[in-house]
Structure formats: structure tokens, C-alpha cells
Amino acid sequence: MLTNMSSKMQSSNNTAHARRTVQQLRIEASIERIKVSKASADLMHYCGEHAKYDPLLMGIPASENPFKDKKPCTIL
Amino acid sequence: MNSPPHFICTPFSLMACQGLASGETLKSLKAESETLRKKLEEERKKLHDVELEKVAEKAEALGELNMKTRRTLKGHGNKVLCMDWCKDKRRIVSSSQDGKVIVWDAFTTNKEHAVTMPTTWVMACAYAPSGCAIACGGLDNKCSVYPLSLDKDENLAAKKKSVAMHTNYLSGCTFTNSDMQILTSSGDGTSALWDVESGQLLQSFHGHSADVLTLDLAPSETGNTFVSGGSDKKANVWDLRSGQNVQSFDTHDSDINCVKYYPSGDAFASASDDSTCRLFDLRADREVSIYSKDSIMFGAASVDFSLSGRLLFAGYNDYTINVWDVLKGTRVAILFGHENRVSSLRVSPDGTAFCSGSWDNTLRVRQEGRGVVRELKQGGTTPYLKNIFLFN
Numbered sequence: 001m002l003t004n005m006s007s008k009m010q011s012s013n014n015t016a017h018a019r020r021t022v023q024q025l026r027i028e029a030s031i032e033r034i035k036v037s038k039a040s041a042d043l044m045h046y047c048g049e050h051a052k053y054d055p056l057l058m059g060i061p062a063s064e065n066p067f068k069d070k071k072p073c074t075i076l
Numbered sequence: 001m002n003s004p005p006h007f008i009c010t011p012f013s014l015m016a017c018q019g020l021a022s023g024e025t026l027k028s029l030k031a032e033s034e035t036l037r038k039k040l041e042e043e044r045k046k047l048h049d050v051e052l053e054k055v056a057e058k059a060e061a062l063g064e065l066n067m068k069t070r071r072t073l074k075g076h077g078n079k080v081l082c083m084d085w086c087k088d089k090r091r092i093v094s095s096s097q098d099g100k101v102i103v104w105d106a107f108t109t110n111k112e113h114a115v116t117m118p119t120t121w122v123m124a125c126a127y128a129p130s131g132c133a134i135a136c137g138g139l140d141n142k143c144s145v146y147p148l149s150l151d152k153d154e155n156l157a158a159k160k161k162s163v164a165m166h167t168n169y170l171s172g173c174t175f176t177n178s179d180m181q182i183l184t185s186s187g188d189g190t191s192a193l194w195d196v197e198s199g200q201l202l203q204s205f206h207g208h209s210a211d212v213l214t215l216d217l218a219p220s221e222t223g224n225t226f227v228s229g230g231s232d233k234k235a236n237v238w239d240l241r242s243g244q245n246v247q248s249f250d251t252h253d254s255d256i257n258c259v260k261y262y263p264s265g266d267a268f269a270s271a272s273d274d275s276t277c278r279l280f281d282l283r284a285d286r287e288v289s290i291y292s293k294d295s296i297m298f299g300a301a302s303v304d305f306s307l308s309g310r311l312l313f314a315g316y317n318d319y320t321i322n323v324w325d326v327l328k329g330t331r332v333a334i335l336f337g338h339e340n341r342v343s344s345l346r347v348s349p350d351g352t353a354f355c356s357g358s359w360d361n362t363l364r365v366r367q368e369g370r371g372v373v374r375e376l377k378q379g380g381t382t383p384y385l386k387n388i389f390l391f392n
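The listed protein sequences correspond, in order, to chains A and B.
If you're matching positions, the first sequence starts at 1 in the UniProt record's numbering and goes up one per residue.
If you're matching positions, the second sequence starts at 1 in the UniProt record's numbering and goes up one per residue.
The shape of chain A in the complex, shown without the other chains (with noise of 0.2 angstroms):
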């Protein structure tokens, strides 16, 4: 009896698991995807409109760079 019942649970938590994984990969499965082409060429879009404003990519003007070096201060 009690085995009866852990192999129907067993099974039942098995069934479960793969309507789960079925109901996951209906969703996945459709989904509206683009071409790569499209998805590179707005990637590059994105890039080449926002570069000039990188200062990782173009450098920042030492002028203006809260990060430059600065001379040690003496507190007198």
C-alpha cells in the first residue's frame, strides 16, 4: 500500500516536472525573434551613436577629470 502511493507520488511529481518544462518551452518556443542582421545592425547603430560620447573609448580631457592626478594638500 504505502509503496503504492510513493511510486504514484513519485510519478505525479515526475509529470509535473515535465508539464512544467513543457508549459516553459511553449513560451520559449513563441516568442517573435529578428534576423541577426537586423539585431548587429542596431547594435552597431547604438554603438557608433553613443561613442563619441564613451570616455572609456575616446579619453576625457584631463581638464576635466575628477580623477586626474592631483598634487597631495597640506593642512597647515
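No lab work stands behind these hints: they were computed from the structure.
Hints may contain errors.
Said to hold, decoys possible - Straight-line Cα separation of at most 20 angstroms, SDA-like style, residue types lysine to any residue; simulated pairs:
hint: 1; chain 1: A; residue 1: Lys-35; chain 2: B; residue 2: Val-246
hint: 2; chain 1: A; residue 1: Lys-35; chain 2: B; residue 2: Val-50
hint: 3; chain 1: A; residue 1: Lys-68; chain 2: B; residue 2: Gly-369
hint: 4; chain 1: B; residue 1: Lys-87; chain 2: A; residue 2: Tyr-53
hint: 5; chain 1: B; residue 1: Lys-233; chain 2: A; residue 2: Thr-21
hint: 6; chain 1: B; residue 1: Lys-45; chain 2: A; residue 2: Ala-41
hint: 7; chain 1: B; residue 1: Lys-39; chain 2: A; residue 2: Val-22
To be verified - Covered by chain B, per the in silico footprint, the following chain A stretches (three or more residues, Cβ under 8 angstroms):
hint: 8; stretch: 35-49
hint: 9; stretch: 55-61
These numbers were taken from a predicted model, which means no experiment stands behind them.
Note that CB positions come from ideal geometry on N, CA and C, so glycine has one too.
Take the given structure of chain A and dock chain B to it, following the hints.
Just chain B now, with coordinates in the frame of chain A:
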């Protein structure tokens, strides 16, 4: 594995808990799984008309990259595991293996606050958007929030608030768009969204089959999603409101240690123990670039993009930082200097600098080093310079 996660019963899990629907057997469900997986593969393949690298041949070549260390933050007594920038672009919070969490003024290198957590291995820390609080956690399985006071003598630990409770270690945490909510990832295989004030669990996210090691929130303009990466080698994208796993990517060969969104929100990068970093485009629903070299044999621990998304900075277990051209897939610089693994790396909020934390107990703040803005040549070809190796 891990203890069973707590979860709110969503409609999906309720359905799964019910008895067998008519005609369904374990066998038929498994067959349907297989069919769906094949369909996914086919759909993705159909749209794979070109490689990003090929399209990027038209992009300008990046010239010489010259990164200089501007500040070295010394003060941790043990491995730095995590760091985060404040929105003010000057303060940094970092956490360490010995339980210490430090708030630094990166301009002056002064330590502004220090707290000792009642746990070692503080693997996650984050700055609140207001700059008035920090969150952290690790082996204590919790995420706690400490309000930061202007009074430096005040005992931070006294005001500590426990927010998140997981059943295994905290691997990552981030505030959402306000100080009011925190998103956490855990070794218990789940991620979760919490209300800071009440400590209430607002949503939990189930789907990883092993430890969740990292998460990143989508830029606010792109809506309510986040991406997580795990020891199951998967990167999953989630809807914050519904708890639904909306996309999944499983091309890595080992644990994913870090995920970061591309600045437009249309893609994300990952760093993995398989020694590669990869770029996944969300609208094409596939991996579109892989950043790797035969000579790079150690795991990548952390990645972040520069402001324009053109550069990807990645910290590795071989103590180096590699800088990649995101579009062309090539490496444009190697940065040396840390004396142990680079565990954490973040670009500052205004993109002027990036900070790396390391198992050598220090943090380094680096910038483009020439001190002038270089010319951007429109169209045409810029001279392509060889990779520059910087001992810095």
C-alpha cells in the same frame, strides 16, 4: 542539491500540481518537450543569416587603447568579492571574504564607512540609488540593508535591516529603480524580489537547476526584466512582475559567473568558468558573439560594458582584465596589475572610469589615460593598431 525553494504559487505551478489532464502521460509530455526543443532550434537557425562579426567589418577599427590606474583602494584585509558604484560616480562600496564592507570615496581614496558583517564571504553588495544606503550579504543567506549616515562615528550595524532570506548563500543583489525594492540571487537556485521596508517577498523566480550566481536588471527604459546566470550553465531572462522565465540561453560550457545588460537593453554579456565571455541578443534570441582566445584558459569572473557598448571589460581568474571590441569580437587590450583573481568589475555610472576588485585585497580605478579626447573619424578607415599590452 539545495533545499526546496519557497515560492508563491503562480498559475503555472498550480496547473502542474493538478492531476493528469486527459490524454497526457509522462511519455507524451517528454515527446512534446523534444518537439518544442527542436522547433526552438529551427526557429533560431532560420534567423541566423549572418554573423555579427561580419556585419561589424564596416565599423571603425578601435585605435590604441591606453588604460591607466588612477586609484588603488587599499584597506580590505582579505579577498575583495564584490563592488558597486554609487550614482554620484565617486563613491564605491566593496565587500570581502573576512566580512568587512567598506564605503570609499574613490576621488580621495578615503574610507567613509566600514561595517563588519556577522558572516564571512560577503559575496554581494550594492549601493542604493539614493546613495543613502547599501545592501550586502553572503554566507549568512540574507541580504541586509544599512542606511548610511553622515555621522561617520555612528554605528552602522545598529541600524541594520534584514530584508532577504534565502535557504543558501546570497550570490548577488541589486536595488531596483528605487531604495524600496531589492532583487537577490542565491545558491538556493532562486532569485527573488523583496520590499525593503517590510522584508516581504514580492516575487520569486524559479527555473535554474543549480545555484544562481549572478543577476542584472535591464536598463529602466527597456521595461521590467532581469537576467540571471547560474551553475547550470544557463542564462535566463525573467519578467519581474509575473515571475515568468521568458527566454533561456544555454550555450556556455560551465558556470556563468556574471551577466550584464548591453546599454540599450537589447542584449547582455556573460562571463563564465569556461574562460569565454559571450554576447546574447534578446530580440534575435541567440548568442551572437563569443569573446575567447586559446591563450585564455582561466575562468572569467566579471564583465561590464563601456557607455556606448563598444567595449567589454572582463576580469579573469588569471589576474588579468581583457578589453574586447564588442562588435568585432577581438581583444583590444590586456590589463595587468592585480596580484590575484579579479572577482568584480564595474564601469562608473557616467562611464568615465571602471573599478576592479580582486582577491589581492585591493580595488583599482582605471581610466583612458591620454588626457585628451581623441578625434572620431567619420567614415573612411582609421589606422588599425596592433593589440596593446599594458603593464598597468
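Structure-based check of each hint:
1. A distance of roughly 19 angstroms separates the Cα atoms of Lys-35 (chain A) and Val-246 (chain B); the hinted pair therefore holds under the 20 angstroms criterion.
2. As the CA atoms of Lys-35 (chain A) and Val-50 (chain B) are separated by approximately 8 angstroms, the hinted pair is consistent with the 20 angstroms bound.
3. Pair hint Lys-68 (chain A) plus Gly-369 (chain B) holds up; C-alpha atoms about 9 angstroms apart against a cutoff of 20 angstroms.
4. Distance check on the hinted pair: Lys-87 (chain B) and Tyr-53 (chain A) sit about 18 angstroms apart at the alpha-carbon level, within 20 angstroms; holds.
5. Simply put, Lys-233 (chain B) and Thr-21 (chain A) have alpha-carbon atoms about 17 angstroms apart, close enough for the 20 angstroms limit, and the pair holds.
6. Between the alpha carbons of Lys-45 (chain B) and Ala-41 (chain A) the distance comes to roughly 18 angstroms, so the proposed pair stays at or under 20 angstroms and holds.
7. Note on Lys-39 (chain B) and Val-22 (chain A): the hinted pairing holds, with a Cα-Cα distance of about 12 angstroms set against a maximum of 20 angstroms.
8. A stretch counts as covered by a chain when three or more of its residues have a beta carbon under 8 angstroms from one of that chain; for the stretch 35-49 of chain A and chain B the count is 14, and the coverage holds.
9. With 7 residues carrying a beta carbon less than 8 angstroms from a beta carbon of chain B, the stretch 55-61 of chain A meets the three-residue requirement, and the given coverage holds.
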